[in-house]
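*Asks:* Listed below are the residues making up each chain.
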Amino acid sequence: MELLDHLALGFSTALTLHNLLYAFIGCLLGTLIGVLPGLGPVATIAMLLPATYSLAPTSALIMLAGIYYGAQYGGSTTAILVNLPGESSSVVTTLDGYQMARQGRAGLALATAALGSFFAGTVGTLLLAAFAGPLTDSAMDFGPADYFSLMVFGLIGAVVLASGSVYQAIGMILVGLLLGMVGTDVNSGIARFSFGRLELVDGLNFVCLAMGLFGVAEIVRNLEDQSVRQAISPGLDRLWPRREDFKGMAAPIIRGTALGAFLGVLPGGGAALASFSSYALEKKVSRHPHLFGHGALEGVAGPESANNAAAQTSFVPLLTLGIPSNAVMAMMIGAMLIHNIQPGPMVISQNPELFWGLIVSMWIGNVMLLALNLPMLGLWVKLLKVPYRLMYPAILVFCAIGVFSVQNSIFDLWQMLAFGVVGYLFAKLRLGPAPLLLGFVLGPLMEENLRRALLISRGHFAVFVERPISLVLLCAAVGLVIVMVLPALRRNRAEAFEAE
Amino acid sequence: MNAPRQHVDFSVGLLYLLLGCGSAGVAYGYGLGTPARMGAGFFPFWLGIGLGLLGLGAILRAGSRQRPAQRLEPWAWKPLGWVLGALGLFALLLPTAGLVIASAVLVLVSSRASAQFNWAASLANAAAISLFSALVFVAGLGLPMPLWPTFIG
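Respectively, the protein sequence lines represent chains V and W. Numbered by full-length UniProt numbering, the letters in the first sequence go through residues 1 to 500 in order. Numbered by full-length UniProt numbering, the letters in the second sequence go through residues 1 to 153 in order.
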């Protein structure tokens, strides 16, 4: 069996002492930032990108991936114990998880979240391993025109499925694509949009952009709303669920995993959407929907499984097609580029040990998280008591050192500062910066594929509708936009995101 | 129609329109070429046109007032100023004064952004973070940056 060979290769890579250590560090850091509200995985990965510079690429990606799915675990802890979502994906967990904690069932809620997440993570990893091969093979048939259409579809999908105004998000994508154009044009050698600055000839620095938009701007936003957060730690009862609890959580966990795994693959999907959809589904199929919002076990089990499954399967488009489905995956592309790995279908054949090692390490990471989360609960709760006014200056220092150390450039610090202001402006205009990051990463790739497609077709745009793969992808993209413009669906979508 | 400049939709539209037209104009100067042989300006030019049209649409929609307008939130200048000022000082100080001083200044100045600022806690915090970053980033990870002011080291 080929899959077993691949998994064996993965295990032999992931189980080296070195990589185990980095998976552990990633999971620990991920849980940490998941527990702490106001610091997301995007900013953390941006902060740590420079630190991974000296690592082997496999170790670096293993650690960064650990941060992402670790954050999903950690977020649920804060949601349940303090009624604060540590991550956007655990917003729905506050609804029933915190109610359970108030009823003295905090232990059960935490154990359910952990077990559900573990099950979902395992299934997600297996799905990733099973589908990666076939998907990569089909990606080999993609021509430049197909790639261009795939990116159009991915970007449109990311906008439609995420929250907020569609028109404004499309604008953010265009701004991101334009920012990606800064720097030397590979074909003509013209330095575009560099305004005579030598530092801009190589383009804008990805790390500065991400840290400014997601790190600095976010800190200013948090400081604006200076409500004191209090950590209430309700007494922990027994952790291990009873038999009837297991019965109650099994079905929601399986449904949540299936739903999350599906939504995670879609562009723009990812953890937050999955947990919201799963909550809505559980409420719909439940025999006692009135219990939701008052401590329903299903309301924790379903969404917590869904967000973890989605976190796992959102790696599928990244690893097979080289297309990021959300902002965290865009960061992963940035990490791969820093290590001179071109994301896309070639990764699996050129760097099989990286590919399979990363996949297997995710499962190992899930085991670690299960062991890490429940015994260390007390520590996480204590951490919540560190006041934000002591924490954010530290985050700023780490951001500044991180940005500077990418290429020892003071100019990069000013870049981060500028993007901090831009990020704050966007927040005031209610523009989410995630589509911008996707556009920025995909901009040069899109231009190159458009150029090649038109070169081959001698300038005829019909090539995009004549190739079947490209036609299907473009139709899907147009379909998504039409669906969004229909008023009835727009209302539903608004309701789905109302809880945010 | 009262003061459309206050509306979020209008401001976003204006931003998109200006950015779009500006970049399309600059990109035009790089040469559009033909579709078969795209010039350096081809892709950014059409991106800019698209963005500009989107912005125009948003402005028109804001004017038609089909839905209740969302008003702009005021800017929180104080936290923004302290945080950016602190980062700027860090950028200025790092090459000459070294990491220890630059990071301590960054912590101290940015702490002023908080409503619960107090000197004692911030000084202690600055000392701790400055020591931590010197130990971890320079001594531990070996990042090449000056620790102390140039006239000492």
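Treat the hints with care, as some may be off.
Unchecked claim - With a Cα cut of at most 30 Å, we get these calculated DSS-like pairs of lysine-lysine:
#1 V:K428 to W:K78
#2 V:K382 to V:K428
#3 V:K247 to V:K283
#4 V:K385 to W:K78
For the record, the hints were derived by calculation from the structure and aren't laboratory data.
*Asks:* Does K78 of chain W lie within 30 Å of K385 of chain V when you go C-alpha to C-alpha?
*Replies:* Judged against 30 Å, a Cα distance of about 25 Å means the pair holds.
*Asks:* Regarding the pair K382 of chain V and K428 of chain V, is the alpha-carbon distance no greater than 30 Å?
*Replies:* violated, 33 Å
*Asks:* With the threshold set at 30 Å, check whether the alpha-carbon distance from K247 of chain V to K283 of chain V stays at or below it.
*Replies:* holds, 17 Å
*Asks:* Take the C-alpha atoms of K428 of chain V and K78 of chain W, compute the straight-line distance between them, and say whether it is at most 30 Å.
*Replies:* holds, 15 Å
Checked against the numbered hints above, the structure breaks only hint 2 and satisfies the rest.
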